[in-house]
Every structure is written in C-alpha cells, then in structure tokens.
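Please build the complex by placing chain Y with the ligands on the supplied structure of chain P, with the hints as guidance.
Each protein sequence line maps, in turn, to chains P and Y. All letters in the first sequence, in the order written, are residues 0 to 258 by numbering that gives the first Met the number 0. All letters in the second sequence, in the order written, are residues 0 to 112 by numbering that gives the first Met the number 0.
Simulated from the structure, these hints should not be mistaken for laboratory data. Keep in mind that this is a model prediction, so the values were computed, not measured. Careful, some of the hints might be misleading.
[As the list claims (entries may be wrong)] Below 20 Å or equal to it, Euclidean Cα-Cα: the simulated PhoX-like pairs (lysine-lysine) are:
hint: 1; chain 1: P; residue 1: 39; chain 2: Y; residue 2: 14
hint: 2; chain 1: P; residue 1: 128; chain 2: P; residue 2: 66
hint: 3; chain 1: P; residue 1: 90; chain 2: P; residue 2: 249
hint: 4; chain 1: Y; residue 1: 102; chain 2: P; residue 2: 223
hint: 5; chain 1: Y; residue 1: 14; chain 2: Y; residue 2: 62
hint: 6; chain 1: P; residue 1: 120; chain 2: P; residue 2: 93
hint: 7; chain 1: Y; residue 1: 102; chain 2: P; residue 2: 188
hint: 8; chain 1: P; residue 1: 249; chain 2: P; residue 2: 223
hint: 9; chain 1: Y; residue 1: 52; chain 2: Y; residue 2: 62
hint: 10; chain 1: P; residue 1: 249; chain 2: P; residue 2: 93
hint: 11; chain 1: P; residue 1: 251; chain 2: P; residue 2: 66
hint: 12; chain 1: P; residue 1: 188; chain 2: P; residue 2: 218
hint: 13; chain 1: P; residue 1: 120; chain 2: P; residue 2: 66
hint: 14; chain 1: Y; residue 1: 48; chain 2: P; residue 2: 128
hint: 15; chain 1: Y; residue 1: 107; chain 2: P; residue 2: 39
hint: 16; chain 1: P; residue 1: 249; chain 2: P; residue 2: 66
hint: 17; chain 1: P; residue 1: 223; chain 2: Y; residue 2: 69
hint: 18; chain 1: Y; residue 1: 107; chain 2: Y; residue 2: 14
hint: 19; chain 1: Y; residue 1: 52; chain 2: P; residue 2: 128
hint: 20; chain 1: Y; residue 1: 48; chain 2: Y; residue 2: 14
hint: 21; chain 1: Y; residue 1: 62; chain 2: P; residue 2: 39
hint: 22; chain 1: Y; residue 1: 102; chain 2: Y; residue 2: 69
hint: 23; chain 1: P; residue 1: 251; chain 2: P; residue 2: 93
hint: 24; chain 1: Y; residue 1: 62; chain 2: Y; residue 2: 107
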Amino acid sequence: MCATCGCDSGGNTAIHHLGEHEHTHGGHSHDHGHSHATTKTIVDVEQDVLHQNNLLAQRNRGYFDAKNILALNLVSSPGSGKTSLLERTLKDLKGELEFAVIEGDQQTTNDADRIHATGTKVTQINTGKGCHLDAHMVLHALQGMKPRDNSVLFIENVGNLVCPAMFDLGENERVVIISVTEGDDKPLKYPDMFHSSTLCIVNKIDLLPYVPFDMEKVKANAKKVNPGLEIIEVSCTSGEGLSVWYNWLKSKVAVPELI
Amino acid sequence: MHELSIVMSIIDIAKQQADQACAAVIDEIELDIGTMSGIEMDSFEFAWKQAVKGSVLEQAARKINLIEAKARCLDCDAVFSIQHYFDPCPVCGEHLLDILNGKELKVKSLVVS
Ligand SMILES: Nc1nc2c(ncn2[C@@H]2O[C@H](COP(=O)(O)OP(=O)(O)OP(=O)(O)O)[C@@H](O)[C@H]2O)c(=O)[nH]1
Ligand SMILES: [Mg+2]
Ligand SMILES: [Zn+2]
Ligand SMILES: [Zn+2]
Ligand SMILES: [Zn+2]
Ligand SMILES: [Zn+2]
Chain P
0 MCATCGCDSG
10 GNTAIHHLGE
20 HEHTHGGHSH
30 DHGHSHATTK
40 TIVDVEQDVL
50 HQNNLLAQRN
60 RGYFDAKNIL
70 ALNLVSSPGS
80 GKTSLLERTL
90 KDLKGELEFA
100 VIEGDQQTTN
110 DADRIHATGT
120 KVTQINTGKG
130 CHLDAHMVLH
140 ALQGMKPRDN
150 SVLFIENVGN
160 LVCPAMFDLG
170 ENERVVIISV
180 TEGDDKPLKY
190 PDMFHSSTLC
200 IVNKIDLLPY
210 VPFDMEKVKA
220 NAKKVNPGLE
230 IIEVSCTSGE
240 GLSVWYNWLK
250 SKVAVPELI
Chain Y
0 MHELSIVMSI
10 IDIAKQQADQ
20 ACAAVIDEIE
30 LDIGTMSGIE
40 MDSFEFAWKQ
50 AVKGSVLEQA
60 ARKINLIEAK
70 ARCLDCDAVF
80 SIQHYFDPCP
90 VCGEHLLDIL
100 NGKELKVKSL
110 VVS
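Here chain P stands alone, though its shape is the one from the complex (with noise of 0.2 Å):
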C-alpha cells in the first residue's frame, strides 16, 4: 500500500474486482453477520471521472508551490522535438537556472539517456502500454526524484496529441510542440490538447523551405481553438528563436521572495 496516495503497489495501476461475496465495507471486512438488502436501490454518485486524477494534481500542485517549482508539460505528437528542445534548453541555460525532467515513454530509456549525457537529474517513466502520463504517475516519480526548490521541472509526455490532454499532472504550464513537418492544420485536428495549452512551440522552422507549411494559417487554427495561446517559432537544430523561448521561459520562473 502506498502510504501517500493509498494506491497499491509503487503506482502500477492495479483492478480491483468484486469477488462473489467478500468485500470490506470502507476497510472493515466481515463474514456477512448482517444480511444485505435484496431490493434494488439507486445510489445518488454524482462523481467526476478524473477526480481521484485531479485529487493527485492537486497534490502535485501545492507540492510544486510549496517548494516554489517550475513546472512544465510538454506535450506533441511522436518525434516534434520535445526531448530535442530540452536537451538545447538543458545545455544552453545550465547555470542560469536549476533543472530536473522527468521523462514518459512506453519502452525505451532512449529519451531519458539522451537528458541524463545532458548533466541533469532525470527520472524515467515507462507507461506501456499506456498512452499519457497521468497526476498519479508523476507523484511516485516526485517522490523518488526529490527536484530542489526554485528549480524548473519539464514533464515530458508520451508523443501522443490526444490522450495526455484529459490528464492535468498539476504542471503550473501545459508547453504543446508542433513542428512544421506536421500540417498547419494539426490545431483543428487536436482541439483539446491546443485548448488546454498555455504556449504552442513551432519548431524545425529551419525545414520551412522544404515543405508546405503556412506559419500564418497554423497561428490562426490555434487562435481559433484558444484565443490565449502564446506562440513561438524555433528550432531546435539552428538555434533560430530559442533566446524567445528562454526569456518566456525565465519570464514563468518566480523569484523566490526576500526576507
């Protein structure tokens, strides 16, 4: 049993089936002295499916404030440039300011070992089969990692534009990444993901030359779907538009308060 969120096990996340007729009754357990109703009965819920989710980023989030963390989501489809941005980022701000990633993937390390040649502290999570991360996920890692105050945390998802948009982790921003080999119509096509987004990174702009990307057309999809979405062009290979997106980025970090 985990003492913190009261899971079983270290996070895998476990069925539970009722058996024929051995249950416990909110942790007691008994061998049926009482005889249960055989009428039917309707039980009021009203529950929201993501509550014990959103429970957990809550969690996350008061954690991540407390210790006056930084923490981002980053979100795309397979292969935008997510572990490419961060290992830029990682490189060119060392020194500048305090990182910790944790890394989501379904098999491999590859990401992760990429971050670690990186110098910065790094924790795996292998979903499997399962296609986001979720708040849960990211607590046990927390508990592991143990990132230092007023440092910058990168989440980076599985590559998936649909699923990791339902689950909040608790990151203070959701960063989603597009690259122009993509479309420019990839907003319309991922509404939720574009909508729960605070900043849209257009990266490989060195590639513009080679494809049919219209840069004006993706702004306008986005803005359709959220009208508050900051968007910034860059690319992780040229280094074109990165200083934007450090100073967005140092913009996000609070200056610890004096005493």
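Same frame as chain P, but now just chain Y with the ligands:
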C-alpha cells in the same frame, strides 16, 4: 486510447460505491458524457467491452446521457450549441467562448441490489 483508463476509473468508482452501499450486485450504471469531454465514443465502447469483463460492472446495464455542448460568447453574450472549440460565435463571429456544457464526464448513479 485514454478511454481504457477512463473505463478503469469508472469501474473503481462503481466498486467503491457498491462496497459502501453494501451491495452484492450492480444492476445499472448511469453516466453523463459531454460531447466535448474528450471521449471518443467508438473507443469508449471498445474499451468498455474489454475492461468490464470480470469486474463489478460485467452484468450492469449501462445508461449514457450524452450532453450537448453549449457555449457563451464572451463578446456578445450569445449562447449557442457547439461541436468544436474552434466554432465561432454564430452572432458576431468571435472565438472567445466560455464552455457552459459538454465537458461532463461523470458517474451519475448506480442501481444496486
Ligand atoms: N530539422 C530539424 N530536425 C529536428 C529539429 N528538432 C528536432 N529534430 C529532429 O526530429 C527528430 C525527433 O526529435 P525528438 O526530440 O526525439 O522528438 P520527440 O518529440 O522527443 O519524440 P518522441 O519522444 O519520440 O515523441 C530527431 O531526429 C531530431 O533530430 C529541428 O529544429 N529541425
Ligand atoms: Mg522524446
Ligand atoms: Zn500511489
Ligand atoms: Zn490513447
Ligand atoms: Zn457485507
Ligand atoms: Zn458573439
């Protein structure tokens, strides 16, 4: 397929509620699902079939209230039905909308015995 984890959460909620009510069987489950909740109904159906096998919900009849999405235009206050986040206000054409309904995703009630 986040629908699978959604169905698992529904099963967990149902089990917990059935335990609390000291029920042996769940006969019915009623769900509210908004048309903009992020649930794709085909995937949901598929995930449901897989996940309820052997669970408390295996025998339960399922009722789904599909809730139509409605929004209010923050510019002109018009209230209207929408299908997508990118739908403009039909009155003034603006995109600053407040979603009023359609994000629901909840277990509304159970019938147990
Ligand atoms: N030309 C060009 N290629 C880039 C750029 N950024 C990333 N790439 C390439 O795109 C590929 C995928 O980049 P990653 O950073 O691994 O993408 P990712 O989003 O982390 O991928 P997943 O974790 O698998 O979802 C790699 O081959 C990168 O070298 C860029 O700005 N320009
Ligand atoms: Mg990656
Ligand atoms: Zn746990
Ligand atoms: Zn999925
Ligand atoms: Zn009993
Ligand atoms: Zn209007």
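For each hint given before, does the structure comply? Return the numbers of the non-compliant ones in rising order.
2 and 8
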